[in-house]
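Participant: In order, the protein sequence lines correspond to chains S and L. Counting from 0, one number per residue, gives the positions in the first sequence under numbering that gives the first Met the number 0. Counting from 0, one number per residue, gives the positions in the second sequence under numbering that gives the first Met the number 0.
Think of the hints as simulated: they come from the structure by calculation, not from any bench. There may be inaccurate statements among the hints.
Here are some chain L residues pointing at chain S (derived, C-beta under 7 Å) [as the list claims (entries may be wrong)]:
# : residue
1 : Ile11
2 : Ile15
3 : Gly18
4 : Asn34
5 : Leu62
Computed from a predicted model, the values in this text were never measured in an experiment. Just so it is clear, CB atoms sit at the ideal spot from N, CA and C, and this is done for glycine as well.
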Amino acid sequence: MSLRLKLILSFITISLMVVSIFSVVAYISAREYTQHVEQVRLHKSNEHLFAMLDTSLPLLDQLQSIVPHHENRDNVFSIIDMSQKKILPGGGFNLGTHLLADLLIQSSNKTQQGNFTIGKQEYLWSADPVPDSQYIIANTYLRDSSDISTFFSYVGTPLSTTLFISIWISVWAALLLARLFRQISEKNTLLEYQASHDLLTRLPNRGAIGRSVQQEMETAKACNEELVFCLIDIDALKEVNDSLGHKSGDILLDQVTQRLKHTLQDSGHIGRFGGNKFSVMIKRSKTDNAESIRCKLLENFEPIYEINNHSLHVHATLGIAIFPEHANSAQELIQKAETALHTAKKLAIDSSVYDTSQDSNSAERLRLTHDLRNAIHNEELQLHYQPQLDVRRNEIGSVEALARWIHPQQGFIPPDTFIKIAEQTGLIQSLTDWVLRTAIKQCAEWRDMGKYLTVSVNLSARNLHDETLSSQISNLLHYWDVSPGKLCLEITETAMMTNPAHAKKLLKELDDLGVRLSIDDFGTGYSSLGYLKQLPVDELKIDKSFVLNMAKDESDASIVRATVSLAHDLGLEVVAEGVEDQISQDELSRMGCEYIQGYHIARPMPHDELTAMLIPTRIKNNTQADETLVGVQANRL
Amino acid sequence: MAIKRNLHNIDIAIRILIGITLIYFGFVDTSYISNDMARWLLGVFGIVNFFAAAVRSCPIYALAGINTYQK
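Start from the sequences and build out the full structure, keeping to the hints where you can.
Facilitator: Okay, here's the thing in structure tokens:
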């Protein structure tokens, strides 16, 4: 039954009920009113009778003679002697008179009005005492049983007219209300649709995709099935939008939608993930593995797309994640697919299935970030120092400070890993802060022991954006009373080149402080020599990749030689890192390299070991130094 | 504002019939209904119906979005 019909019927029912209730109430009220009117009439008849009495004559005789003359159908009088408590002859008679007389004799109240029913007959009565006597005149009236039909003959027509009109108005109201309801529900449906769908492609939007993934996951979980969630990135959309206009972009999106629908038929859910991304969710059957789904989806993009008379090759990238293999919640599954898509784009391949190792935002990594934050805050990191041999003076003149993290559960975390995390999460500033504090303090301690070592600290590209860095370093140097020349800051070529103007400004400030500056990993970046020339640096560190193989590879040796020569020509000192054998060391000495760092000299070690190594022994010559250092290494290992 | 037709011919015929009947009982032959108010109400309803039939458009239909003219 339609809403309109339902409303009409219920409104008609309501009007019928209202009119019926009204009729009953009107009937009851009318009866009560007529009863009152009749009783007043009976009372007045009694008084009329009394008025005719002559007080000088005997009362009873008069009553007995008058009463019969006044009796009719509507007035039946009884004469009651209250002192003798009996009905006196002379009155009229109907079924009610005796009953009423008995009632009055029993009660002492003399003036009363009321009604009573005998069988189906209703009597109305009024009893009034005759003035100055013991007599009562009771006047009864047998009520007309045709009262109800009389009532309806009077009110029937207006009542039915009212009923007719009220039904009419009810139908109007029902029609209007039905329309109002329909409009509201249509509007709600539209809003619901708009909130959950992309209006261009008419596909579910991101929110709706999330919900349907969640639902499908629950079903899949119950049936022990697998779900393949795939994000499709239409690479060409931006180009189409830019070159052919947004209308063409819309046509492309529409065509992609049609093709996807055609490919999947009803086997999967397609959604518009936003921008140039579509999503497809398919239940994985035994025959349909992720690979075949991938191929099937990519096939969509092989045929040429015809848009406004332009033939376009549209390339798409796919990111695939599988439930329950990769995720347990809809949000996680979608996130994994996004990661896979990101990986595919980064590697410039057309698709990628999610792989934990490629995920930079995995839970594991998040945990590590959290632990690193705590470790920095609680100073649980260690600072190791790798000595650098001053070739000219044949002694350890400087050390490079290197942060080490021994995770309470996972053990040694490679510096590359945690420094990368620190850089990505902004923890690098506090990490550098801690390294600087510790290194400068250590430098002061060694100085107090009579060992004047230069300590090198690595700066990250992100540190170069720290406006407070130079003032902070200056404060630390002041506090520990360390000469600025004993602190060397190593900055990689790449870091300097990310924001050359900024780097130049900061390096200038640092140079003004008197701090030594060193270009780290030289030879691996894309630095311009013209630019490097302008920087106030003091030394250049040749990347270990060249040094490691220079004994075997002549071209590496040439690069090292050229770099040393270049550095000297620019007035810079040279540090060679990654020296692992005597041949390389000798060769570097011959080339005029000022400092040498590497496992051949010493591994990075905690400050106490280094202190123990440096303080009692003064290196006399190369051979002696080697023996000492090898000894130290052996002890430590 | 032009009144847009929304009544079918049958609808119009029924309304003319009802309209005339109600106007008759309401204002012409007053002996059937003795109650003045009831008579007036019927008469007014009759006029409303007759008017709707004459302009071939029912305002309540228009508000309720019903159209018997174009099915």
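Participant: Indicate, hint by hint, whether the structure satisfies it.
Facilitator: For each hint, the structure was consulted:
Because the beta carbon of Ile11(L) sits about 17 Å from the nearest beta carbon in chain S, more than 7 Å, this interface hint is broken. Evaluation of the Ile15(L) hint against chain S yields a violated restraint, the C-beta minimum of about 16 Å exceeding 7 Å. A distance limit of 7 Å between C-beta atoms decides the matter here; for Gly18(L) the minimum to chain S is near 13 Å, and the interface restraint is violated. With its C-beta approaching chain S no nearer than about 4 Å, Asn34(L) sits inside the 7 Å limit, and its interface hint holds.
Using the Cβ-Cβ criterion of 7 Å, the hint placing Leu62(L) at the interface with chain S is satisfied: the shortest such distance is roughly 6 Å.
The structure does not agree with the numbered hints 1, 2 and 3 stated previously, though it agrees with the rest.
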